[in-house]
Every structure is written in C-alpha cells, then in structure tokens.
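Going down the list, the protein sequences come from chains A and B.
Taking this note's numbering as reference, the numbering of the first sequence is continuous, increasing by one, and the terminal residue is 152.
Taking this note's numbering as reference, the numbering of the second sequence is continuous, increasing by one, and the terminal residue is 105.
In short, the hints are calculated from the structure, not lab data.
Virtual Cβ for every residue (Gly too), placed ideally from N, Cα, C.
Certain hints may be false.
[To be verified] Sample of chain B residues at the chain A side, in silico, Cβ under 7 Å:
| no. | residue |
| --- | --- |
| 1 | Ser9 |
| 2 | His49 |
| 3 | Tyr55 |
| 4 | Ala61 |
| 5 | Ile65 |
| 6 | Glu90 |
| 7 | Phe98 |
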Amino acid sequence: MPLLKSKEWSVTKICHLAKVHRQLIQDLKRVFLQNIKDLHSSIGPNFTLRQGFCGMETSPSTGKPKEILLHFIHNTSVPTTKVALTKSALYDNAVSQFSVIAGLLKEKISPDYYLNVFTTEPPQVQSQHVDSVSS
Amino acid sequence: MIQFQCSSTWSELKSPSSSFFRWLKLNKVYLFYTKFKNSTLVPCGFLHGAHPGYLHLDEAEDEIRKYLNITNELEFQLSLRTISVPIMEGNPEKFAFPAVVVKT
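Just chain A, with the same shape it has in the complex (with noise of 0.2 Å):
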C-alpha cells in the first residue's frame, strides 16, 4: 500500500485501507505450535509448508460455508515455535483443529517429506506467549 498520494491512489482511500488494516489487525488473535521446522521447509514440490498452512480452512462442523482459517503464519525467534494468526471469529475453530496438530500433518503431508517438518518431539499447541519478534 502506498503511503503517497497518486492519481490512482487518493489521501482518503490511503487512509480508509489504513483504517481497514488497523481493524484487521486489531482482530487477529494469536495461537503458538511448538515442534514444527521452518515454515519454508518443502512438503511437495515446489510447495512449502506454510503454503500448506495458509490453505488450511474451517472445519466444516460449523455448520457455516468453509473459509480460510489463518490469516498468516509465522517463524519466531523459537527455530521450532511457530505463531499462527487468525481471525477472533476463527479463533475457536482454529485451537480446535491444531489441538490435533501433529495427526493432520501426517495426514496430509507424505511421508517423504516427514524429516523436513517434524522434531523430535510431536508437535503441539503452545498455551505460554514466547517473544516472537525477531528484529
């Protein structure tokens, strides 16, 4: 998003996508996973494994038409700690289905790519805050 005004981008639609990031981000609730390797590791070709997390979708037990379920994933200065991000409305949904993290990934990612994603310890969903700022 541009910060300068341009003949395409004016000063009141800069600052109504600014108002739209602010609420965006506002909303977003935080959930930590713990054992997972770094999110550019590949789980099939030319596919990283967050690709395969940013394609995750509503469980479809809500009842409601299925959605992305994250808005982003991130690495934090933990090398196997992982912070995903996602919507407050989506935040139930999301514990639910990483509360069974480490079987969802052997289902769907194969064996093959296994030594790229997890440690030694299964993953799991981290219930303490870690400093995920790096820089």
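For this one, chain A is given, so just place chain B on it according to the hints.
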C-alpha cells in the same frame, strides 16, 4: 549526521544496559538503522494486513524480493513503526496506525 558500520547487532547497540547506549543517550545522539548506504530513508508504503508484532522483517524482505523478482539494485528495508496519514485532502487531522513500513 554520520554513518558507520559495525559488526555488533542492532539489539546489542540499543541495549539499555550497554555503556555505549548509555553514552549515546547521555549525549543525545540518536541512531537509526539502514541496510544500505543512505543518509535518509523515505517511507513509501506499508504492508497491508501484515502484523507488525509478528512479521519477521528479514524473512519478509527476502520473500518480497523473491516473489516480486526485485534485484538488489532496488534497495529497500522494512521497519516497524506507527505511521500517520491525512484523513482528508487539506485536513490537518491524521489517522495513526502501527504498520510494517517499506522504506527506501
């Protein structure tokens, strides 16, 4: 204004417990970090939807370069800060928000 390079990390330099930082503060010397040689940095945009509390700046810079096919000739860096934009043309009132800012 002066520019210097050093092998210490930014967090080491800015650590409140370091004698160097205490000296800087005492003498009202302020630092800002640039990844490339430049006397000024201009914020030209921000990453819409990117959470400033969780984005890894170094990773994000690499990914932006990779996916937008940006060569090293175009120098930019990301930083976390609160920015403000005018609410309306000609109106001094501004809207402030935290963001991941693209500076060049």
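Outcome of the hint check:
1. Ser9: violated (14 Å)
2. His49: holds (5 Å)
3. Tyr55: This hint holds: Tyr55 of chain B lies near chain A, its Cβ roughly 5 Å from the closest one there, short of 7 Å.
4. Ala61: violated (9 Å)
5. Ile65: Violated, because the Cβ-Cβ distance from Ile65 of chain B to chain A comes to roughly 13 Å (cut-off 7 Å).
6. Glu90: For Glu90 of chain B, the interface hint holds, since the closest Cβ of chain A sits about 5 Å away, which is under 7 Å.
7. Phe98: Where the cut-off is 7 Å and the nearest Cβ of chain A is about 4 Å from Phe98 of chain B, the hint holds.
Going through the hint list in order, the structure does not satisfy hints 1, 4 and 5.
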